[in-house]
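Asker: Chains as they are written, first to last, in full-length UniProt numbering: chain A, 1 to 472; chain B, 1 to 472.
What you were told as hints is all true, and nothing was included just to trick you.
As the list makes no split between identical chains, a pair holds if one copy fits it or if it spans any two.
Straight-line Cα separation of at most 25 Å, BS3-like style, residue types lysine-lysine; simulated pairs:
| no. | residue 1 | residue 2 |
| --- | --- | --- |
| 1 | K300 | K320 |
| 2 | K412 | K451 |
| 3 | K319 | K182 |
| 4 | K365 | K280 |
| 5 | K182 | K320 |
What the hints contain is simulated information worked out from the structure, not anything from laboratory work.
A quick note: this is a predicted structure, and the numbers were derived from the prediction, not measured.
Protein chains: 2
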Amino acid sequence: MLNRVRSAVAHLVSSGGGPPPRPKSPDLPNATSAPPAAPPEAPRSPPARAGSASAAPRKIAEARASFSRPTFLQLSPGGLRRADDHAGRAVQSPPDTGRRLPWSTGYAEVINAGKSRHNEDQACCEVVYVEGRRSVSGAPREPSRGQGLCFYYWGLFDGHAGGGAAEMASRLLHRHIREQLKDLPCWPLQKEVTHESLVVGAIENAFQLMDEQMARERRGHQVEGGCCALVVVYLLGKVYVANAGDSRAIIVRNGEIIPMSQEFTPETERQRLQLLGFLKPELLGGEFTHLEFPRRVQPKELGQRMLYRDQNMTGWAYKKIELEDLRFPLVCGEGKKARVMATIGVTRGLGDHNLRVCSSTLPIKPFLSCFPEVRVYDLTQYEHCPDDVLVLGTDGLWDVTSDCEVAATVDKVLSAYEPNDPSRYTALAQALVLGARGTPRDRGWRLPNNKLGSGDDISVFIIPLGGPGSYS
Amino acid sequence: MLNRVRSAVAHLVSSGGGPPPRPKSPDLPNATSAPPAAPPEAPRSPPARAGSASAAPRKIAEARASFSRPTFLQLSPGGLRRADDHAGRAVQSPPDTGRRLPWSTGYAEVINAGKSRHNEDQACCEVVYVEGRRSVSGAPREPSRGQGLCFYYWGLFDGHAGGGAAEMASRLLHRHIREQLKDLPCWPLQKEVTHESLVVGAIENAFQLMDEQMARERRGHQVEGGCCALVVVYLLGKVYVANAGDSRAIIVRNGEIIPMSQEFTPETERQRLQLLGFLKPELLGGEFTHLEFPRRVQPKELGQRMLYRDQNMTGWAYKKIELEDLRFPLVCGEGKKARVMATIGVTRGLGDHNLRVCSSTLPIKPFLSCFPEVRVYDLTQYEHCPDDVLVLGTDGLWDVTSDCEVAATVDKVLSAYEPNDPSRYTALAQALVLGARGTPRDRGWRLPNNKLGSGDDISVFIIPLGGPGSYS
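Using the sequences provided together with the hints, build the complete structure.
Answerer: Now the structure itself:
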C-alpha cells in the first residue's frame, strides 16, 4: 500500500519528542488492557509480541508495532526476521503442526520488495464470544446460545505510511464489533429493522469507534499512518463482508465468481469527494478545486471553454475557465495513480488522522471515510461443496491477478488435494501469494509471463464455505 | 403526483399581488420567445394553446399553464374540456388521422380522479435539429449530417403543487439539450471523455439549466410547484434515458425486462439527504434532525438507548437519546408516504423553488436535486423485433402496475396486432393506462381484482426499439 501514499507522508505531524504519557484508556475495547477476546481455541501470542505494556517506554511500543506479525503464524524470533526479509520474500503461513485456524481457513502472506521497512499488512482470525447484556428497554435478553453467542471473524488490514494503524486494528476491531453485538436484540423488531440490519449497523459502528480510538490514542500508541480494512463476520448462518479501502473479497463457487466487495479509491469515490469539497469549500483551503478537468488547466486558458465534471455529473460538459479553476484538482490521476489532494490513493480506511497535504498543513482526513460497505451472503441458501471458497486479498494480490485468474488457481490447487485434506486451503493461499509475487530475476520480481510481479505486501485468506462444520 | 406533496404546498411563497412584470428573457431557450425547436415534422400547436404572449396579462398566462395538454394530442377546445373531466377520465391519445409521432411512438394519458383541478402530467415528443457551432478551441466542427445533427426526444413530466413547472419543462427542456449538444465535438477526445459521456454531460447540464431558468422566471411565468422529469434522447445509435423523480422506464425485449431508471424518493435517497443535513445543519433550521429513528422519539426517552441510522450507515445501531434527537426527522415515513421534512415525497426534479416546510419558512429546495441519473442503451448491440419496446410511465402507472404486469400487457396487446400496424403502440399505451385507471364502481376506480386503481394522473409512452427506420 505504501506506493499509494505519496511522499507527503513525510509531513506527518510528529507526535512530539519524549515518550508521551499513555492516555487512560476509557472503555473496552482499548489498546492496552483488553482481556483476550478469543475463546480458548484462539492461538497464543508469539514470543516476539509483548503482552500488555501499560507503562512501556516509547521504544518498546515502536518495536512491537514495527515487527509484529499475526499471532496465528506463531513465528519465533528467527522466523520473524525471515518474514521481514525483503530479499528472500519467503511466503509465510501458519505451521502445519499445532492448532488449525477456524474453519480450516487458509492463510499466506509475503513482505514487499523493499518499499517499506516492514510488512505493513496485518491479519486476524478469531472466534469471538459475545456475552449478552440486558436490553436497553429493560426487556431480558434471550441469548441464542446459552448465555451469549459466538461469531467467527477474519480481518485483513493493509497499512500505509507506517504499520501502526493496521497493527492496532488487527488487535482491536473485532473487540469493538463484539461490544456492538452485545446489544443485538432477540425480540420482534420494528419497521424495516431486521436482525441482519442490526449486525450490519454493529459492524459499521465498530469501524467508526475503532477510528475514533485511533484518533484518541494515536500519540500514546504510535498509531502512525492508516490502513484499509477488509473484515468478514460469520454469525447465525450469514457471512458479512465489510470493506473500507482497496482490498477485495470474492466468492468462488462452483467456478462462478461472486464479488463481495468494491474498492474505494479517488476514482470510485469521485462524486462523494467532490460533493464534500463543494459543500465545505473551507476543506480545500483555497489550494484545490472540487471540479474535475480532463487535464490540468493552464493559466493561458482563462476565459476559454473546457470540459469539466462536477459532483453531480457522470458525463462531461463545457464551462468557461475561471481563476479558481486553475487550482490543483481535488481528485487527479487515473487508475493506481489516482490521488486525493495529490497525496493518497485510497479513500476509505482507519487512521490517517495526522495526514496532511504535501507542503501544506491542509488535513486530508475529512475526505477519508472510515465506514465500510457491508455485503451479506446467506450461507444457508446454497449447499456448498469443499471447493467453494471466499477469497480475501490485499491489493498486492489484486494488482497483478484478476478475479478469473484467482478462480482458475482455486480450481487447479483444490483439485490436486483430497476434499477432506484441511491443508488444501493454506496451499491455495500460498499459491495465490506466490503467483502474485513471482520470482526474482535480473530486473525485479517477475511473473511467468515476464510481467512485473507485485512489489507490495501481499496477504490472502481462503475461507471454505462449508461453514462452521469444517472448523477443527 | 399531488398526493406526494403535503398540504405544505398551500404555504408556497406567493408571487405577489398584481401581475408582475415579465422578466427580460436572457438567452435562448426561454419561456416566451423561443422559435420552434422542432423541424417541420413536428406537430402544430393546438388551437387552445396560445402562442407567444410576451405582454399577456396574468390571467391568460395562468389559463394557458393550467389547461394545456401536449400539442401532439391536437385537442380542440371541446376535446380539451373532455380531457379535463375527472368524472369520465377518458383516455387521450393522438388522433389516428394526421401525422404519427416519430418512430410510431404510442402515447396515452388520463387525468386524475379529482386530486388536482387539472392533469399535472405533461409530455413532449420531438425530432430536434442541432445546428453545429465552431468549436471552443477554434477547430472547425465536422457535423455528422450535413451542417448539423438530429436527435429524437421524448419527455414525461409529472407536476406537483401546480402544473406550471411540468408545462414549462415540456416546452423547453429539449431546447436546453439542443443548446448543450451544439458543443459536441467530433475530433479525438482526451482521457476517459467518450462521445457517450459528452451526451450524458449535455443532458445533465440541460437539466440544471432548465431548473435555473425556472428559478429565474418563476414570477413572470407562474411556474408554481415542481415536476419529475423522465426524458429519452436517441442519438447516433444510442438511447439515453435520464430520470429525475419517481417516473420509471423499462425496456421489454423478447419478454425480458431491462430497468432503465431508478426512482428518487426520500427512501432511496436517504443517505444523500442525511449527509447534506449533517454537513449543512443550518438547512435543518433547528427544526429537524438528520438522524433516522425507527419511530418518533418521545421526550420521556431522553437518555435511553435507541436504534438509529446516520448518513453513512445502511444498518441500524444504538445511541443514547439526546435533546436534539427529539426534533422531527429529516426523512420520515415509508413507501409512498415517505417525506422529506414532512412535506415532499420525491427528491429529484425541476422547480419547487418556492417550496417551504409546512408552518415554517424553511426552504426544501436545497435537499432536492435537479440532476438526473442517465442510463445508456446501445440500440446497435441487438437486433430488435417490432415487439421490443421502451415503456415510459409516470408513477400513476407504476403505483398499481408491476414491471411484470406491464411486460404481460406488452405481449398480449402487441400479439393482437400485425407487426407492421403502426397503431399497435398507441393501443398498448391505452391498454396500460386503462389497466392502471380501472373502472368506476361504488367506491372509486377499481381494477378487475377489486383493488383500487390509480387516482393519479397517468401518462405512458411506448417507444418501439426498431429505431428511426420505423419513423413515418
